Amino acid sequence: MNLSLDHLLPDHSAAIVSVSATGMASERMAALGLIPGKRVAVLRRAPFGGPLHLSIGPAELMIRRADARAILLDHVHAVKTGRRR
Amino acid sequence: MGGCCGEVGERAKGRANLQSPTNGSVTRTRTVAVVGPPNTGKSTFFNRLTGASARVANWPGMTVDITTARVLAGGAMVRMADLPGIYTLDGHSDDEALVRTFLSTVALDAIVVIVNASRIELQLPLVLAVKATGVPVLLAVNMTDEATKLGIVLDTPALAAALGSPVIAVSAKYGQGMADAKRALDRLLDVHIAPVVADLDCVTERNAREREAARLVAAHVHVPATLPAGVTAKLDRVLLHRWLGVPLFFVVMFAMFQLVFGVGVPLQDAMKWLLDGLKSGIVAPLFANAPPLVASFVLDGLIDGVGTVLTFVPLMAVFFAGMALIEDSGYLSRAAWLMDALMGRLGLDGRAFVMQLMGFGCNVPALMATRVLRNRAARLLSMLVIPFSLCSARLQVFLFMTMAIFSPIAAPIVLFSLYVASFGAAFLTAAVWRRRYASHEPMMMELPPYRLPTASMVVAEAWRATWHFLSRASGFIVAGVLLIWVLTHLPPGAATAGPQTPAGHLAAWLSPIMSPLGIDPVMSITLLFGFVAKEIVLGGLAVVLGAGSDQLAGVIAARLDWVSAMSFMIFTLVYTPCLSAVATLHNEAKSLRFTALAVLWPLALAWVSSFVFYQMARALGL
Numbered sequence: 001m002n003l004s005l006d007h008l009l010p011d012h013s014a015a016i017v018s019v020s021a022t023g024m025a026s027e028r029m030a031a032l033g034l035i036p037g038k039r040v041a042v043l044r045r046a047p048f049g050g051p052l053h054l055s056i057g058p059a060e061l062m063i064r065r066a067d068a069r070a071i072l073l074d075h076v077h078a079v080k081t082g083r084r085r
Numbered sequence: 086m087g088g089c090c091g092e093v094g095e096r097a098k099g100r101a102n103l104q105s106p107t108n109g110s111v112t113r114t115r116t117v118a119v120v121g122p123p124n125t126g127k128s129t130f131f132n133r134l135t136g137a138s139a140r141v142a143n144w145p146g147m148t149v150d151i152t153t154a155r156v157l158a159g160g161a162m163v164r165m166a167d168l169p170g171i172y173t174l175d176g177h178s179d180d181e182a183l184v185r186t187f188l189s190t191v192a193l194d195a196i197v198v199i200v201n202a203s204r205i206e207l208q209l210p211l212v213l214a215v216k217a218t219g220v221p222v223l224l225a226v227n228m229t230d231e232a233t234k235l236g237i238v239l240d241t242p243a244l245a246a247a248l249g250s251p252v253i254a255v256s257a258k259y260g261q262g263m264a265d266a267k268r269a270l271d272r273l274l275d276v277h278i279a280p281v282v283a284d285l286d287c288v289t290e291r292n293a294r295e296r297e298a299a300r301l302v303a304a305h306v307h308v309p310a311t312l313p314a315g316v317t318a319k320l321d322r323v324l325l326h327r328w329l330g331v332p333l334f335f336v337v338m339f340a341m342f343q344l345v346f347g348v349g350v351p352l353q354d355a356m357k358w359l360l361d362g363l364k365s366g367i368v369a370p371l372f373a374n375a376p377p378l379v380a381s382f383v384l385d386g387l388i389d390g391v392g393t394v395l396t397f398v399p400l401m402a403v404f405f406a407g408m409a410l411i412e413d414s415g416y417l418s419r420a421a422w423l424m425d426a427l428m429g430r431l432g433l434d435g436r437a438f439v440m441q442l443m444g445f446g447c448n449v450p451a452l453m454a455t456r457v458l459r460n461r462a463a464r465l466l467s468m469l470v471i472p473f474s475l476c477s478a479r480l481q482v483f484l485f486m487t488m489a490i491f492s493p494i495a496a497p498i499v500l501f502s503l504y505v506a507s508f509g510a511a512f513l514t515a516a517v518w519r520r521r522y523a524s525h526e527p528m529m530m531e532l533p534p535y536r537l538p539t540a541s542m543v544v545a546e547a548w549r550a551t552w553h554f555l556s557r558a559s560g561f562i563v564a565g566v567l568l569i570w571v572l573t574h575l576p577p578g579a580a581t582a583g584p585q586t587p588a589g590h591l592a593a594w595l596s597p598i599m600s601p602l603g604i605d606p607v608m609s610i611t612l613l614f615g616f617v618a619k620e621i622v623l624g625g626l627a628v629v630l631g632a633g634s635d636q637l638a639g640v641i642a643a644r645l646d647w648v649s650a651m652s653f654m655i656f657t658l659v660y661t662p663c664l665s666a667v668a669t670l671h672n673e674a675k676s677l678r679f680t681a682l683a684v685l686w687p688l689a690l691a692w693v694s695s696f697v698f699y700q701m702a703r704a705l706g707l
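Line by line, the protein sequences are chains H and D. Numbering of the first sequence is given in this note's numbering, commencing with residue 1 and proceeding in unit increments. Numbering of the second sequence is given in this note's numbering, commencing with residue 86 and proceeding in unit increments.
Any given hint might turn out to be false.
[Claimed, not checked] Only pairs whose alpha carbons sit at most 30 Å apart, straight line, appear in this in silico DSS-like list of lysine-lysine:
| id | chain 1 | residue 1 | chain 2 | residue 2 |
| --- | --- | --- | --- | --- |
| 1 | H | Lys80 | H | Lys38 |
| 2 | D | Lys234 | H | Lys38 |
| 3 | D | Lys364 | D | Lys319 |
| 4 | H | Lys38 | D | Lys267 |
| 5 | H | Lys80 | D | Lys319 |
| 6 | D | Lys234 | D | Lys357 |
| 7 | H | Lys80 | D | Lys234 |
Because the hints were derived from the structure by calculation, they are not lab data. Fair warning: this is a prediction, and the values are worked out from it, not measured in the lab.
Full structure from sequences and hints, please.
This is how it looks when you write it as structure tokens:
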């Protein structure tokens with residue numbers, strides 16, 4: 001059972017297992033580095049169901065929770081990131 | 086994928102050798118395109134490389150405007166084209182389609198691909214794709230200053246050898262490496278004599294390019310395992326705070342308005358003094374013996390009208406500098422993050438909020454920026470709300486009115502409330518029309534690290550935006566104020582804007598519509614012209630009321646109380662955008678029905694808002 005990115009808690013990171021988005025969304029995800037094998041961390045979530053603030057490698061990006069649902073993570077190996085960001 | 090692909094480069098080289106690299110003997114104009122992803126400092130690089138010669142022009146055969154510039158490189162005149170930012174060559178957005186069309190129709194001598202050094206792994210696939218098209222490539226790795234701070238080290242010679250293309254590390258913002266980039270381009274153009282049309286069929290499949298990019302980065306780029314927890318993370322902890330983030334954003338914007346007034350007003354006084362000296366010291370004596378009608382035409386029409394507009398130029402320059410400061414710092418993309426939850430509920434997204442902020446300068450580029458939205462419904466809804474964004478032309482009217490009517494302490498607050506009203510009108514419009522233009526556009530974007538804006542970039546942007554306003558508006562302003570002078574001063578001998586003048590007739594006709602808003606019939610004339618360009622409103626007021634830049638404030642203050650003034654400003658803020666915005670809107674949407682909606686809806690909304698405000702304020706006894 002995999003966890004989708006919109007359910008990963010802030011200050012946690014996990015590896016991407018699969019991306020089930022299609023078309024434009026999948027192109028954008030690839031261009032921003034959201035591809036299987038990469039490790040992604042959630043820095044914070046905007047209140048009122050707003051977007052996620054992610055870090056992936058040296059970059060940071062925002063993604064809506066609805067779009068993040070297409071990204072599945074290896075949640076068995078999810079870790080709490082040490083430093084509070 | 087034909088078998089030719091690998092040989093394209095060889096063929097070009099062969100031809101080059103046949104003709105031999107004869108420095109400077111090429112007389113035809115050569116063409117170079119600059120390609121790169123968004124947020125790589127591409128335009129800064131372009132401006133550095135080409136000097137100040139850049140202009141936005143319609144490329145032959147292309148339907149949209151592309152920034153071009155002419156420079157001398159490789160011993161020949163080179164036409165450089167700054168193509169829109171793209172993530173991939175095979176993408177589906179309008180910009181990506183535009184770049185593909187450009188590359189497959191225009192014969193190019195070289196393509197400069199620009200990438201962000203700290204994002205090189207993700208951006209190299211684009212470089213590989215461009216390289217595969219067969220056009221000679223120069224890779225400029227930008228923002229090396231930031232990458233160095235992050236501990237990222239590039240082995241450029243090794244990367245160049247592996248790619249088979251020159252690689253130059255630059256920092257366009259600080260101008261580092263630009264001379265090297267120019268020399269590398271010279272050499273590239275010397276070697277490759279014949280232009281090549283890109284062969285897009287040769288672009289390899291995405292996964293293969295990603296693997297190749299990962300291999301190149303592993304071999305030639307050193308990325309530290311853990312990146313320094315930088316200033317960005319610390320700032321974000323405060324600026325993107327769960328509850329403080331949005332209020333802080335508004336505090337920052339409000340502080341900027343205080344700054345605009347604090348710095349801009351003394352500059353404006355200096356400008357007023359200068360223009361007044363010019364009018365009474367030089368122009369008035371020149372026309373002392375001219376027929377009264379001619380003297381009035383020049384002094385009351387041209388000088389008063391245009392002069393009043395000119396006094397606001399320093400103030401606008403300060404405003405644009407403030408906006409550039411916020412934009413260059415990287416805070417604007419954070420604003421998109423902060424506002425996305427709200428914008429999402431309105432059927433828009435965080436990017437629409439940023440476009441709304443861009444519209445503060447001018448609505449026209451903001452309308453064009455909606456091209457990044459691929460979904461047509463999302464684009465149309467964004468285009469419907471952008472014209473409510475309080476652009477520089479309206480700003481100039483409001484700066485004047487708030488200063489004339491309100492105390493120095495109240496003026497910035499009133500101005501700020503107009504910005505809030507501008508968003509209110511936009512949000513209301515989105516809420517009303519969101520079901521008609523419903524969409525599911527994916528929303529994801531990079532949040533660049535905070536950057537310290539350089540003084541030279543802020544000054545350059547303030548200068549560019551102010552100059553853009555003046556060059557675009559000056560024709561409109563001069564023609565508009567002169568037309569208003571004719572309508573208000575003829576027939577000769579009639580009282581200014583009196584009942585016998587054409588303006589008087591128009592005013593009488595408009596009176597039943599405008600008087601319930603507390604807008605004086607004569608002032609409504611200027612609103613009529615404001616439909617053509619809001620830039621005319623202020624100059625028009627000066628002409629209609631027969632007052633120069635020095636007395637206009639007093640005349641307005643004596644004529645209007647604050648409730649009528651506010652009603653006038655609300656109407657000016659909300660009603661139909663200027664003619665250039667309507668033209669752009671129609672050009673982008675290509676639907677008469679949509680254009681009609683975009684014209685009529687704001688007009689109706691303006692009338693209703695002014696009516697509600699004015700009647701309520703009066704009912705409260707204000």
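We went through each hint and held it up to the structure:
Restraint check for Lys80 (chain H) and Lys38 (chain H): the C-alpha separation of about 16 Å stays at or below 30 Å, so the hint holds. Of the supplied pair hints, the one linking Lys234 (chain D) and Lys38 (chain H) holds, its CA atoms being roughly 23 Å apart against a limit of 30 Å. Proposed proximity of Lys364 (chain D) and Lys319 (chain D) is contradicted: the alpha carbons are some 54 Å apart, above 30 Å. Using a Cα cut-off of 30 Å, the hinted pair Lys38 (chain H) and Lys267 (chain D) is violated, with the two alpha carbons roughly 36 Å apart.
Using a Cα cut-off of 30 Å, the hinted pair Lys80 (chain H) and Lys319 (chain D) holds, with the two alpha carbons roughly 19 Å apart. Distance restraint check for Lys234 (chain D) and Lys357 (chain D): the Cα-Cα separation of roughly 47 Å exceeds the 30 Å cut-off, and the hinted pair is therefore not satisfied. At roughly 26 Å between alpha-carbon atoms, Lys80 (chain H) and Lys234 (chain D) fall within 30 Å of each other, so this suggested pair holds.
Against the hints set out earlier in the document, violations occur for numbers 3, 4 and 6.
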